[in-house]
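Engineer: Listed below, chain by chain, are the residues.
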Amino acid sequence: MNEHRHNEGQVVPFQMKTGLSVQTGGMRTDPSLMRAVRDVNNSEAWNTFLNRYSPIVRAFCINRGVPIGDIDDVVQEVFLRITQYSFADRYDPSVGTFRSYLFRVTRSIITGLKSSTVGEVADCQSIENSEAEWERLWKIQAVQLSIAQVERTLSESSKDVLSLTMRGVSPTAIVQITGMSKAAVYKKRERLKVRIQRAFQDFMLDRNEV
Amino acid sequence: MENESTNEFFDHLRKYAVGSINQVGPYKVIRQVAKGGQGVVYHGIDSRDDSPVALKRCDQYDGKSVSKLVRGTELMSLLDHPYILSLKEILETEEALWIITPWVEGVSINKWVTEFSTNDDETITLFLQICDAVSHAHARGVIHRDLRPANILVTPSSKPCVLDFGIAKQSVLAHSTHVATQSELSGDILFLAPEMLRQSAPASDIRQDIYSLGVLLYTMLTESHPLDDLPMGECVERVLSGQLFDANIEKQLEGSIGSIIRKATSSDLNARYRTVQEFADDLIADMNGYPVTAKVHTQRYLIGRFARRNRMPLVAGALIVIILFASTVAVTSVIARGNNVRDANTQTMGMLQKILRSLAPTEGLGPTADGLSVLKFASEQLGEYSDGKSREENIAYADVHAALASSYLSYRRGDLGIPHGSKALDIYLELLGRDHPKTQETGSVLVNLYIESNKVDSAEKYMDMLIDDLDVSQIENPTYLFLMGMMRAKRQSEDALLYYEKYIDMMSDAPLKLANAYETRGKYLNQAGRLNDALNDAEQAYQIYNETLGPDDARTLSAQLLMAKSLQLVGRYQEERQLIVNIMPAVERAFGMNDPRTFRGWAHFVIAETEIGDSEIAFERAQRLLDQSISVYPEDHWHITQCKFLVSHTLLNLGRSQEVIDLLQPRMHTIELHNGQRLTVKYQSRLWITRAWNNLGEFEEAKRVIKPAYEELAVGLGSEHLQVLECSFQLLRANHGLNNELLVHEEAEQLLEQVARVSGPHYSLRRRIQQFVDSL
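As given, the protein sequences belong to chains A and B, one line each in that order. Once you know that position 21 of the first sequence is 62 in this note's numbering, the rest is easy, because the numbers rise by one and skip nothing. Once you know that position 652 of the second sequence is 655 in this note's numbering, the rest is easy, because the numbers rise by one and skip nothing.
Don't take each hint at face value.
Restraint-style ranges between C-beta atoms, simulated for each label pair [said to hold, decoys possible]:
1. 213/A to 160/B: 51 to 61 Å
2. 213/A to 685/B: 49 to 59 Å
3. 17/B to 196/A: 20 to 30 Å
4. 113/B to 194/A: 49 to 59 Å
5. 114/B to 113/A: 29 to 39 Å
6. 113/A to 17/B: 28 to 38 Å
Straight-line C-alpha distance at most 25 Å; calculated SDA-like pairs for lysine to any residue [what the hints assert, rightly or not]:
7. 114/B to 245/B
8. 31/B to 235/A
9. 18/B to 232/A
10. 18/B to 173/A
11. 200/A to 739/B
12. 228/A to 14/B
13. 31/B to 173/A
14. 441/B to 425/B
15. 200/A to 10/B
16. 710/B to 739/B
17. 223/A to 531/B
18. 228/A to 15/B
19. 31/B to 93/A
20. 31/B to 192/A
21. 18/B to 219/A
Not everything, but these chain A residues come out facing chain B in the computed CB check (under 8 Å) [as the list claims (entries may be wrong)]:
22. 91
23. 146
24. 230
25. 231
26. 232
Note that these hints are calculated values from the structure, not bench results. Glycine residues also receive a C-beta, built at the ideal position from the N, C-alpha and C atoms.
Modelling step: build the complete structure from the supplied sequences, incorporating the hints.
Structural biologist: See below:
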């Protein structure tokens with residue numbers, strides 16, 4: 042199992058299989074997206090926020106055996122709660138990462154659900170030990186968002202290289218397909234790697250999150 | 004030059020990007036269904052064709068197991084058997100390996116034995132089907148090596164489905180190499196052959212599957228495992244020492260079936276059956292009272308077997324064979340003696356028809372699988388008697404065909420009955436002439452079978468052959484009148500009513516036939532948009548059935564469902580809801596939870612509740628019906644779409660119009676239905692979607708969707724049909740939205756009048772038009 046942060050104050054290297062690594066005790070930015078989300082007129086922020094985080098909450102619910110009919114309720118409850126001004130346990134960047142915070146809120150809502158529907162939530166008894174699962178889902182989502190984010194800023198030729206690489210096409214074949222020089226293809230791949238790693242780190246460190 | 008780490012980086016990245024967080028490749032994960040030591044199973048949907056799938060996530064795997072699984076996939080491609088679950092593909096993501104298979108609705112074999120199987124014969128029949136599947140795989144060199152209850156599902160139609168062929172063994176072998184570490188052993192190994200426990204990598208041998216099948220058969224017949232309640236260590240010792248059964252069980256296994264189980268589960272490989280087919284053959288022999296190879300053939304045993312198989316079996320199928328045989332023998336012998344052939348033939352036919360009647364389903368309750376399978380069996384047997392040489396023999400042969408056609412009609416299986424009816428009619432026409440009662444009766448049955456199969460052209464052709472004039476005034480035979488009514492109704496022709504009316508006049512002294520006529524005419528009137536008349540007919544049918552058969556009879560309940568539909572169409576929702584609430588317990592009892600009629604009943608509830616009650620409750624019920632239909636009838640697009648329309652109805656009432664578009668839009672052009680259904684679905688989808696676009700203020704979209712449908716429907720159904728009026732209203736809304744200057748008052752008022760004429764004062768369309776007018 043990879044090491045990851047158990048204590049917010051402690052810096053522990055977080056090594057993924059991908060070679061994407063992050064230092065988890067780094068600087069955190071102002072939670073601007075969270076503020077934007079609380080503005081009821083800012084639907085764009087709300088959509089960004091939901092698209093980014095609701096899949097994690099949803100997948101977590103599925104994996105913890107939350108009944109299918111309750112999943113939408115949990116997702117809705119989580120996002121309503123964290124965007125409410127009156128909510129006591131509001132996100133405070135100085136206390137921990139946004140993903141830990143969202144995990145706590147989601148867990149507490151699923152636990153509440155469990156107590157209200159005893160016996161129906163198949164796997165919620167192990168909810169207390171589900172942080173690793175949460176981290177796993179968060180990583181998957183962060184990788185996907187990183188790729189998408191990098192992709193948006195690429196030139197057409199770099200997009201081609203990324204697209205072909207992601208489809209498992211070898212650099213030599215990319216050279217043949219695109220007509221680019223070998224050096225250009227390798228250089229682009231190297232740059233893509235660095236940019237995706239950086240975007241990933243940003244997501245994991247909240248720099249890109251809230 | 005690029006260093007190695009960039010390659011590795013992208014390799015890992017690709018695995019992450021195989022799907023999204025709730026998606027594995029093209030498969031959308033919907034819910035978790037099971038969790039075990041080796042992974043989790045999810046229910047999902049293949050987003051390419053919306054087919055349901057099972058996704059098995061294997062958390063613990065390595066390169067070796069991947070290559071084994073890939074090999075397993077190759078093996079799976081060799082198998083094509085109705086009782087073997089096929090494999091769609093194996094996907095590897097960063098965190099797990101995913102095995103994707105089609106979704107199969109079913110229960111575990113243990114549950115099936117405990118709750119559904121009614122006797123040992125039924126259990127053995129299912130087991131033989133499992134043997135058939137395993138034998139099919141063995142013939143293609145594929146060995147399962149992990150046959151156990153958890154790997155066999157039984158579908159709602161009581162057919163087995165063997166899971167994990169070609170892949171199950173990979174995970175089992177991992178266990179078998181750790182026999183010394185008993186803490187790792189689970190109940191899964193209780194079905195493994197001793198040699199699989201003994202060696203770390205035993206050579207594949209089909210007899211390993213035979214052993215597992217033997218243990219499986221024991222558990223199916225006794226609902227227990229021979230090593231139940233023993234500690235795992237002792238279980239392993241017992242299996243390894245060849246003492247699967249203790250002395251008590253051994254005693255119980257002295258009969259033929261016991262010997263078969265003991266032979267299959269012998270610890271000595273060479274003492275087991277050599278093939279699954281041998282194993283199955285012994286079971287079949289035992290079921291039929293023949294000696295089995297598993298038992299020593301002493302004289303006493305052979306005599307006992309002889310006595311058993313010559314006891315008169317009470318199975319209807321066997322009786323039919325005997326009767327068919329007797330029919331031929333009787334006719335032949337009577338002819339030989341020069342006596343009265345008709346008497347003998349009538350007597351034989353009487354017996355045969357009595358038996359066929361006993362197999363017929365209770366009318367209105369739908370076919371029973373057993374009766375139908377016996378009929379099919381009789382159909383097959385009949386082929387052997389097709390070479391009658393004398394006139395009498397040929398007529399006797401035609402009589403049996405005619406009786407079978409008639410029986411299939413009672414099962415509403417036109418497809419199966421038509422060949423028999425045609426054969427009988429051909430012979431009667433040739434030997435007895437058109438006006439002989441047998442020819443006329445069989446002709447009617449054949450016409451009815453064609454109508455049942457929606458082949459109206461053929462029905463008309465035969466009807467034309469049976470009678471000289473199809474005009475209602477010229478027909479005096481009530482059966483022909485009724486058939487003509489049904490044919491015309493299928494053609495949506497108004498003159499259907501003339502035939503029904505004359506028939507009803509003639510049937511005033513036959514209450515059940517009268518009620519049936521009212522019910523049939525009521526259905527037609529509903530389709531024709533004559534709603535108040537349809538309601539009258541439904542009420543008449545209900546009253547007659549209720550007085551004649553009582554409130555819980557299937558026919559009474561069916562008539563009440565028709566009443567509910569008519570009440571709904573005339574907008575009397577309070578009464579509709581009350582009626583449905585009253586009858587649903589009896590409907591569920593009579594037809595079962597998954598019968599289309601039960602679905603229909605709940606659909607009425609949803610619509611009534613949406614119109615006058617709590618939309619949230621209606622939505623929940625509609626959603627439940629949709630989930631149920633996807634799970635019970637995954638291939639029945641018609642049924643599923645109807646449920647989607649129900650959900651749409653409730654969503655519109657809840658102001659969730661966008662969801663209606665999301666729900667219906669993707670299926671609009673791809674649905675696989677027969678022509679009539681496809682058109683209905685197409686137009687209904689367009690109506691719901693248009694209502695949603697109009698609600699959302701997207702009038703351009705609404706107009707684009709509804710205009711062509713309106714034009715086509717108005718031509719096909721006439722301008723006063725409710726569906727056409729609904730189209731007209733939606734088009735009016737869209738046009739008004741696009742051009743506020745339009746004078747729509749007048750048009751809306753006209754629509755109101757038309758709707759009131761064909762429905763009733765409370766119909767929801769009228770209410771909606773009124774609201775629209777008020778808002779102008």
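Engineer: All the hints need checking, so say for each whether the structure fits it.
Structural biologist: Status of the hints after comparison with the structure:
1. Range check, residue 213/A to residue 160/B: about 54 Å between beta-carbon atoms, so the 51 to 61 Å window is met.
2. Taking the beta carbon of each, residue 213/A and residue 685/B are about 50 Å apart, inside 49 to 59 Å as hinted.
3. For the pair residue 17/B and residue 196/A, the beta carbons lie near 22 Å from each other, so the given range of 20 to 30 Å is met.
4. Between residue 113/B and residue 194/A the CB atoms are about 57 Å apart, so this pair conforms to the stated range of 49 to 59 Å.
5. Against the hinted window of 29 to 39 Å, the Cβ-Cβ separation of residue 114/B and residue 113/A comes to about 30 Å, which satisfies the hint.
6. Here the CB-CB span from residue 113/A to residue 17/B is close to 31 Å, well matched to the stated 28 to 38 Å.
7. Restraint check for residue 114/B and residue 245/B: the C-alpha separation of about 28 Å exceeds 25 Å, so the hint is violated.
8. A C-alpha spacing of about 30 Å is found between residue 31/B and residue 235/A, which places the hinted pair above 25 Å, so the restraint is violated.
9. Straight-line distance between C-alpha atoms of residue 18/B and residue 232/A comes to about 20 Å, which keeps the hinted pair within the 25 Å bound.
10. A hinted pair counts as satisfied when its Cα atoms are at most 25 Å apart, and residue 18/B with residue 173/A qualifies at roughly 19 Å.
11. Restraint check: the Cα-Cα separation between residue 200/A and residue 739/B comes to about 47 Å, which exceeds 25 Å; the hinted pair is violated.
12. At roughly 17 Å between alpha-carbon atoms, residue 228/A and residue 14/B fall within 25 Å of each other, so this suggested pair holds.
13. Restraint check: the Cα-Cα separation between residue 31/B and residue 173/A comes to about 22 Å, which is no more than 25 Å; the hinted pair holds.
14. Between residue 441/B and residue 425/B, the direct Cα distance comes to roughly 13 Å. Compliance with the 25 Å bound is thereby established for this hinted pair.
15. For the given pair, residue 200/A sits about 17 Å from residue 10/B by alpha-carbon distance, which is consistent with the 25 Å threshold.
16. For the suggested pair residue 710/B and residue 739/B, the alpha carbons sit about 14 Å apart, so the restraint of at most 25 Å is met.
17. For the proposed pair residue 223/A and residue 531/B, the alpha carbon gap of about 72 Å is over 25 Å, so the pair is violated.
18. As the CA atoms of residue 228/A and residue 15/B are separated by approximately 19 Å, the hinted pair is consistent with the 25 Å bound.
19. At roughly 17 Å between alpha-carbon atoms, residue 31/B and residue 93/A fall within 25 Å of each other, so this suggested pair holds.
20. Distance restraint check for residue 31/B and residue 192/A: the Cα-Cα separation of roughly 23 Å lies within the 25 Å cut-off, and the hinted pair is therefore satisfied.
21. A hinted pair counts as satisfied when its Cα atoms are at most 25 Å apart, and residue 18/B with residue 219/A qualifies at roughly 24 Å.
22. About 13 Å separates the beta-carbon of residue 91/A from the nearest beta-carbon of chain B, more than 8 Å, and the hint is not met.
23. Interface hint status for residue 146/A: violated, as the beta-carbon distance to the closest one in chain B is roughly 18 Å, over 8 Å.
24. Here the hint on residue 230/A is kept, as its CB sits about 6 Å from the closest CB of chain B, short of 8 Å.
25. This hint holds: residue 231/A has a C-beta 6 Å from the nearest C-beta of chain B, less than the 8 Å allowed.
26. A hinted interface residue such as residue 232/A counts as satisfied when its beta carbon comes closer than 8 Å to some beta carbon of chain B; here the least separation is about 10 Å, so the hint is violated.
Hint compliance for this structure: hints 7, 8, 11, 17, 22, 23 and 26 are broken, all remaining hints hold.
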